[in-house]
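Novice: Keeping the supplied structure of chain A fixed, place chain B upon it in accordance with the hints.
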Amino acid sequence: MGCTRGDAGPAVGDLMAHHQFAGHDGGIVIRIEEDSVDVAMASAWIRAVASAVEEHRDQLTQLDAAIGDADHGANMSRGFTAVLAALEDFQAGTVGEVLTKTGSTLMSTVGGASGPLYGAAFRAAGKTLTDATVTPRELVEALHAATAAVTQLGAATLGDKTMLDALAPAVSAFEEALFHGADLASAAADAAKAADEGAHSTIPLQARKGRASYLGPRSIGHQDPGATSTALIFAALAGAVAGR
Amino acid sequence: MKKLINTPESVLTDALTGIAAVHPELRVDFDHRLIVRADAPKAGKVALVSGGGSGHEPLHGGFVGPGMLDAACPGEVFTSPVPDQVLAAAKAVDGGAGVLFVVKNYTGDVMNFQLAAELAADEGVTVRTVLVDDDVAVQDSTWTAGRRGTGATLFVEKIAGALADRGADLNKVAEMAEKVNAASRSFAIALTACTTPSAGRPGFDLPEDEIEIGVGIHGEPGRSRGKLQPAKDLVGIAMDAILRDQPMAAGDKAIVLVNGLGGTPLIELYVVAGEVAAVLAGQGVPIAASLVGDYVTSLDMAGVSITVCRADEEMLELWAAPVATPALRWGT
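In order, the protein sequence lines correspond to chains A and B.
Note that our numbering numbers the first sequence so that position 85 is 85, with each residue one more than the last.
Note that our numbering numbers the second sequence so that position 256 is 256, with each residue one more than the last.
Don't read these hints as lab results, they were simulated from the structure.
Remember, predicted model here, so these are calculated numbers, not experimental data.
Idealized CB from N, CA, C, for every residue including glycine.
Each hint should be verified, as a subset may be incorrect.
[Stated by the list, open to error] Pulled a few chain B residues facing chain A out of the computed Cβ check, cut under 7 Å: (1) N6; (2) G75; (3) S80; (4) D84; (5) T107; (6) M111; (7) N112; (8) V138; (9) S198; (10) A288; (11) S290; (12) V292; (13) G293.
For reference, chain A alone in the conformation it holds in the complex (with noise of 0.2 Å):
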């Protein structure tokens, strides 16, 4: 939609703005479209992203030790710490200013791999939201610019066990969803169960990509945790456009 205005709560032309779908039955469907994500509910996402970090930061690194180097938890839980305090004075214009700035942070403070990947993911994806508020549709492409940037800065194709393993399959349940009419809460609820059931599905995987690659098949078994904090993130994201 791409209309821009000052302040955070719904907007009279959101509601306003019609869009159509074609229904199931072939028959066009009038719905009313008053779904967008706006700088404030792009603030709120990140900053579930950063409690839910901290609520599982033991989990990460647990599952990290099993197959890398126990330091997952600690290091996700350092960069969404300096976000939050990134974005404590941050005056957003566009959703995409939010993101962004998440992304840049990130690339400074965690290291390792995950640093990059997060940073690149968040970066890619903001620069593609140049308004205060966004359609659900837009979120969409920006996920996908996400996914792009971590593949090609990773190097990693699906089933390596690796954070794409949640973030791909999240993406395109999230796309999928609102294909068929669902609204932007619903969609991004099956987003979110989408990179669970993809973070669990790397448990019989063997790592074909970073440091557990090392383990070879002893890699088997185990839950990747990139893909288990990229499930974090699609929770989050569910729960700030639910409100929650």
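Specialist: Coordinates of chain B only, in the frame set by chain A:
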């Protein structure tokens, strides 16, 4: 967890405070978290920058000084440094002849140094990168992140550092670094897991009579687990892997690093050194130069890594050249 720390979060800062206190010949930048030669930048000299997660001391900070590194970028424990940090190091030491990044081949290190190299190029600093990947316990294939960089990092930093000290240009220094890496192989065996300060407990559980074979330097488990055996047999496993990957024959000369992983007494490392020498002698290969001690550690892990470099005369001569760093010092 019993550790001589204040808090797990402050370990790196507190250690940098200690380095600053006792090494006036080094400058510690607490904002960017760098250890830099106090006399940097050296005009006209190719600068060497390395870095990686902390917990491997004296690597890399202990190798900063004349004849070796110009700057080290320590990350958090077992976590690579961030791009801003590496960029700050490159700018601090660039004397106009360019900067060589010596990067151990780990996914995170590679990404962060690559991003830093792009940022440095934007700021007009010429950077070349050499990846160190000497660990034969990891199969180098599309099925892994590639071989890890371990003990050969010290060989690369020392020999390329000596060449830079003599005024060689960036391409020559980088070629030498690549040559040393290509001639070096490592293999490590752990007797215990290590404990990171943030995790607070060992990275894996290991029964009293078992060992991890083919470990890296980040507390991760190895390729396989086996029963504890006499040192002679364990060295046999390591040297078989090394020599299978890079056969050596009469006429070759070796630089050997028998490296403690942090929790093994020196007397045991000398037991290992004797067995390594015996294996090489069996191939007709003399040890032309060696180091025995803790140089590339994995916190408090007990165990040893063995690195063998098939050295040519130029490498041997550069190895013997003067070096003056906290952890390596000779010829000055």
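Novice: Compare the structure with each hint and give your call.
Specialist: How the hints compare with the structure:
no., hint, in the structure
1, N6, "16 Å, violated"
2, G75, "5 Å, holds"
3, S80, "5 Å, holds"
4, D84, "5 Å, holds"
5, T107, "4 Å, holds"
6, M111, "4 Å, holds"
7, N112, "6 Å, holds"
8, V138, "5 Å, holds"
9, S198, "4 Å, holds"
10, A288, "31 Å, violated"
11, S290, "27 Å, violated"
12, V292, "26 Å, violated"
13, G293, "24 Å, violated"
Comparing the model with each earlier hint shows violations of hints 1, 10, 11, 12, 13; every other hint is respected.
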